[in-house]
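K.L.:
Could you build the full structure based on these sequences and the hints that come with them?
From first to last, the protein sequence lines are chains A and B.
Okay, so the first sequence: first residue is 74 according to our numbering, each after it adds one.
Okay, so the second sequence: first residue is 74 according to our numbering, each after it adds one.
These are calculated hints, taken from the structure and not from any lab test.
Careful: at least some of the hints might be erroneous.
[Unchecked claim] Mimicking EDC-like on lysine to aspartate or glutamate, the simulated pairs with C-alpha atoms at most 16 Å apart in a straight line are:
#	chain 1	residue 1	chain 2	residue 2
1	B	Lys204	A	Glu189
2	A	Lys306	A	Glu319
3	A	Lys98	B	Asp233
4	B	Lys98	A	Asp220
5	A	Lys336	A	Asp286
[What the hints assert, rightly or not] Restraint-style ranges between C-beta atoms, simulated for each label pair:
#	chain 1	residue 1	chain 2	residue 2	range
6	A	Glu236	B	Gln390	46 to 56 Å
7	A	Glu232	B	Lys170	49 to 59 Å
8	B	Arg95	A	Glu232	16 to 26 Å
9	B	Gly295	A	Asp130	55 to 65 Å
10	A	Asp129	B	Asp159	55 to 65 Å
11	B	Glu136	A	Asp130	46 to 56 Å
12	A	Arg162	B	Asp159	34 to 44 Å
13	B	His91	A	Ser96	35 to 45 Å
14	B	Phe294	A	Glu173	23 to 33 Å
15	A	Glu197	B	Asp89	31 to 41 Å
16	B	Asp290	A	Arg162	51 to 61 Å
17	B	Asn163	A	Leu382	56 to 66 Å
18	A	Glu173	B	Gly295	27 to 37 Å
Ideal Cβ placement from N, Cα and C applies to all residues, glycine included.
Protein chains: 2
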Amino acid sequence: MYSIEELIPIVNKAIDGHYNNRSPKRLYEPISYAMSAGGKRIRPILCLMACNVFSDDIYKALEPAIGLETFHNFTLLHDDIMDHADVRRNQPTVHKKWDENTAILSGDAMMIEAYEYFLNLPTEALRHSLKVFNQTAREVCEGQQFDMDFESISSVKIEDYLEMIRLKTAVLLAASLKIGSIIGGATSNDANLMYQFGIHMGMAFQLQDDYLDTFGDESTFGKKIGGDIVENKKTFLQISATEKNEQLMQELMQRTYKNNQEKISVITQTYRDLSIDKAAQNAILDEYKRAYEVLNSISVAENNQKELLKFLDQLKQRVF
Amino acid sequence: MYSIEELIPIVNKAIDGHYNNRSPKRLYEPISYAMSAGGKRIRPILCLMACNVFSDDIYKALEPAIGLETFHNFTLLHDDIMDHADVRRNQPTVHKKWDENTAILSGDAMMIEAYEYFLNLPTEALRHSLKVFNQTAREVCEGQQFDMDFESISSVKIEDYLEMIRLKTAVLLAASLKIGSIIGGATSNDANLMYQFGIHMGMAFQLQDDYLDTFGDESTFGKKIGGDIVENKKTFLQISATEKNEQLMQELMQRTYKNNQEKISVITQTYRDLSIDKAAQNAILDEYKRAYEVLNSISVAENNQKELLKFLDQLKQRVF
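P.N.:
Below you can see the structure in the form of structure tokens.
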């Protein structure tokens, strides 16, 4: 079985230099910049690992794996325009480094490139993988739209929030696993179980992000703690707290604070008082539990799953 | 053989209501709006006509035909953001009626929908059609980038301009014909000839647009005459005139005029003095001639091509 450490250089090698010397430069240089900015390469690695669960030959899933990473980076590029985000992975975003038109068009071209990576699959895998990919791509857009819609809705329900993060984050992780499985030769049932596994992993991952943004450790989380609170962002914590005590939360979000640090302390303490930290931990643990259960039900030798289990354990260790 | 008049309602029926009741509304209503705004449905009609050249069953090409129209409307939607265009087909553009974020994201979702329309093709046609479509989609983006690049280049060469309009306009018409041919069961050679036919038709069509914007008749052209001159737009006319007498054209474009009408008259007269109107007519006629030649070399009964010939004749009559 390939380990994460072995897969990362395989993925990076397939990405490096792919857009060199393509014309027009102004279209392809931003794509190259966005693709080489790093990131954890989670989606291609999941795709390759899933393939490896069912097959020794991971290389047959390499192009689609890069397609999934390309699509993911396309969504970041366009989301950054929509969110007016100036920095991504410690570098200026494409629309800041170049301009907005460049970011729109390079993003469009990136999405097209993502599809290109699927077109050499063997016939049986081609249609099946593309159907999964296309439905997922559509759902990711729907998730982004729901996320933007929530900004102007005063009270978002927790189930709507969970559906939004399923669409915006979990389905692409799940699709990466399912597509890798299909290419690896999994039965339809096993491919669907891998998808379910990915959904629970993705939900856990996003809920953790919400949790860590408030309760994490700056040195390991990699972002400033409390950003979501400062921005009054609708997260699992904020929505759960509002469901428990709407009046209090409204007052706390509208109150004038001496500075951001005071706002962060007051609201963080309120979350603790309302046991929202515990609720979040329970929700995350529940998703991990389901992920393990689904993975166990897949009909392959236990040894074949060990790298995926290790991956899940590493994710989980960010919180627990 | 199906006539244009028979094909238009078939296309419109396949488009109407497709996005009704889809959620989130804010994502799908702009798509529905953009798709139902009309337009001449040239691409799906060409796709169906090409299929009809090789097969009696045009319905097997209907979904991909709508996919091509969806892709075309996606490019208009994003181009309108980039060009800051407020009106399209006498209606406010999506980014004006809603906002820019909505236009970016709905456009993205439209591109994904375009691919969806290909995924039910029979296996042999699926990969082949998608490869043609994907290469074309990429080239359309490249064409748009070259077009934007030209705005900041003082002297564009005529061959670079022709390559730009090939990418931005001709390849999608050509691909529509090729994909319809593939689905209709054409040999690879005939499908490629249909593509070449489409390239010449597309070049003629775009060169006509340039010509008619200055020398056309407002009542039949549908747009105000002289818009390109007012905006100093780089067109076949402007670039050809600049190649003939750069100093004069620079002076005329920088001169201060009493009003737009004066600018239009002076520059139109200059084009006539430099015989640019004749040069454009010759370039257009040459493309039509090549289109007819290529069409004649396709190995099907003459009767099968008559609707395509009628289509070409109608296009040509806009000028001659």
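K.L.:
Now, for every hint given, state plainly whether the structure supports it.
P.N.:
Status of each hint after checking the structure:
1. B:Lys204 with A:Glu189: OK: lysine 204 (chain B) and glutamate 189 (chain A) at ~8 Å, within 16 Å.
2. A:Lys306 with A:Glu319: 15 Å, holds
3. A:Lys98 with B:Asp233: 15 Å, holds
4. B:Lys98 with A:Asp220: 13 Å, holds
5. A:Lys336 with A:Asp286: 14 Å, holds
6. A:Glu236 with B:Gln390: 46 to 56 Å: 54 Å, holds
7. A:Glu232 with B:Lys170: 49 to 59 Å: The hinted range 49 to 59 Å is violated for glutamate 232 (chain A) and lysine 170 (chain B), with Cβ atoms some 31 Å apart.
8. B:Arg95 with A:Glu232: 16 to 26 Å: 20 Å, holds
9. B:Gly295 with A:Asp130: 55 to 65 Å: Check passed, 57 Å falls within 55 to 65 Å.
10. A:Asp129 with B:Asp159: 55 to 65 Å: 58 Å, holds
11. B:Glu136 with A:Asp130: 46 to 56 Å: 34 Å, violated
12. A:Arg162 with B:Asp159: 34 to 44 Å: Hint holds: Cβ distance 36 Å, inside 34 to 44 Å.
13. B:His91 with A:Ser96: 35 to 45 Å: Hint holds: Cβ distance 36 Å, inside 35 to 45 Å.
14. B:Phe294 with A:Glu173: 23 to 33 Å: 32 Å, holds
15. A:Glu197 with B:Asp89: 31 to 41 Å: 35 Å, holds
16. B:Asp290 with A:Arg162: 51 to 61 Å: 55 Å, holds
17. B:Asn163 with A:Leu382: 56 to 66 Å: 60 Å, holds
18. A:Glu173 with B:Gly295: 27 to 37 Å: 30 Å, holds
When held up to the earlier numbered hints, the structure conflicts with 7 and 11 and fits the remainder.
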